[in-house]
Amino acid sequence: QKEVEQNSGPLSVPEGAIASLNCTYSDRGSQSFFWYRQYSGKSPELIMSIYSNGDKEDGRFTAQLNKASQYVSLLIRDSQPSDSATYLCAPYGDSSYKLIFGSGTRLLVRP
Amino acid sequence: SQTIHQWPATLVQPVGSPLSLECTVEGTSNPNLYWYRQAAGRGLQLLFYSVGIGQISSEVPQNLSASRPQDRQFILSSKKLLLSDSGFYLCAWLVRGWTEAFFGQGTRLTVV
Numbered sequence: 001q002k003e004v005e006q007n008s009g010p011l012s013v014p015e016g017a018i019a020s021l022n023c024t025y026s027d028r029g030s031q032s033f034f035w036y037r038q039y040s041g042k043s044p045e046l047i048m049s050i051y052s053n054g055d056k057e058d059g060r061f062t063a064q065l066n067k068a069s070q071y072v073s074l075l076i077r078d079s080q081p082s083d084s085a086t087y088l089c090a091p092y093g094d095s096s097y098k099l100i101f102g103s104g105t106r107l108l109v110r111p
Numbered sequence: 001s002q003t004i005h006q007w008p009a010t011l012v013q014p015v016g017s018p019l020s021l022e023c024t025v026e027g028t029s030n031p032n033l034y035w036y037r038q039a040a041g042r043g044l045q046l047l048f049y050s051v052g053i054g055q056i057s058s059e060v061p062q063n064l065s066a067s068r069p070q071d072r073q074f075i076l077s078s079k080k081l082l083l084s085d086s087g088f089y090l091c092a093w094l095v096r097g098w099t100e101a102f103f104g105q106g107t108r109l110t111v112v
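Residue numbers (the numbering used here), protein chains in the order written: chain A, 1 to 111; chain B, 1 to 112.
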């Protein structure tokens, strides 16, 4: 089992729709969870982080965490063509100090 | 402010030549530091991480090594580059408290 799993996509949504990106992880000791956006040829940019079960909203983005199910997701509301990128998730815990990334989900927002 | 510097942005090196990539962080102390490699169209492969000066953990045995001579400096090295070392190398740091983690701009290495 991979440490962090994401559907590689591409996930294609029309402009204005909600994009839902999912991530599962294996380390139950994970305490912080990060979502990144990476455009082709660029370094990843931090979108948001979440530490507690439930939802966390930041503008058009909502992260959802369920530690019991070892599942974290990212919702993007009112998707824009500029949101087309690869989205990476990474859990972190001080049991290992590793910051392991999923392989990413490619999102395509159609105008 | 907290920033991360990584250089050079691009590098073309012949097979068998040495490598040294440097990453420095400003505006923080005792960060966790990470080196990743990303092959074209692939995910981020964790190469090394460090939780303190002189403390290096290796994830993948290979032709590379890392060092942390100062608290906010992380260096990736190779004595002899292989063609398979080509890729996009990224340095990242994790803020104390694990609230945020940021990447440098990356170094695109081509071994020819």
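Don't take every hint at face value.
Said to hold, decoys possible - A short list of chain A residues far from chain B (calculated; beta carbon distances all over 10 Å):
| no. | residue |
| --- | --- |
| 1 | PRO14 |
| 2 | ALA17 |
| 3 | GLN31 |
| 4 | GLY41 |
| 5 | GLU45 |
| 6 | SER49 |
| 7 | ASN53 |
| 8 | SER73 |
| 9 | LEU75 |
| 10 | ASP83 |
| 11 | LYS98 |
| 12 | GLY102 |
| 13 | SER103 |
| 14 | VAL109 |
Unchecked claim - Some chain B residues near chain A, calculated using beta-carbon distances under 8 Å:
| no. | residue |
| --- | --- |
| 15 | TRP7 |
| 16 | VAL51 |
| 17 | ALA92 |
I should point out that these hints are in silico values taken from the structure, not numbers from a laboratory. All C-beta atoms in this analysis are idealised placements derived from N, C-alpha and C, irrespective of residue type, glycine included.
Comparing the hints with the structure gives:
1. PRO14: holds, 25 Å
2. ALA17: For ALA17 of chain A, whose nearest Cβ neighbour in chain B is about 26 Å away, the distance exceeds 10 Å, so it holds.
3. GLN31: At about 7 Å from chain B, GLN31 of chain A fails to clear the 10 Å cut-off, so the statement is violated.
4. GLY41: Non-interface label fails for GLY41 of chain A: nearest chain B Cβ at 8 Å, not farther than 10 Å.
5. GLU45: It is violated; GLU45 of chain A is separated from chain B by about 8 Å at its closest Cβ, not greater than 10 Å.
6. SER49: The claim is violated: SER49 of chain A sits with its nearest Cβ about 6 Å from chain B, within 10 Å.
7. ASN53: Answer for ASN53 of chain A: holds, closest chain B Cβ roughly 16 Å.
8. SER73: Non-interface label on SER73 of chain A holds, nearest chain B Cβ at 18 Å vs cutoff 10 Å.
9. LEU75: Since the minimum Cβ distance to chain B is about 20 Å, LEU75 of chain A lies beyond 10 Å and the statement holds.
10. ASP83: holds, 19 Å
11. LYS98: violated, 6 Å
12. GLY102: GLY102 of chain A not clear of chain B: closest Cβ-Cβ about 7 Å, inside 10 Å.
13. SER103: It is violated; SER103 of chain A is separated from chain B by about 4 Å at its closest Cβ, not greater than 10 Å.
14. VAL109: At roughly 20 Å from the nearest Cβ of chain B, VAL109 of chain A sits farther out than 10 Å, so the non-interface label holds.
15. TRP7: Violated, about 13 Å.
16. VAL51: This hint holds: VAL51 of chain B lies near chain A, its Cβ roughly 5 Å from the closest one there, short of 8 Å.
17. ALA92: With Cβ-Cβ at 7 Å, under 8 Å, it holds.
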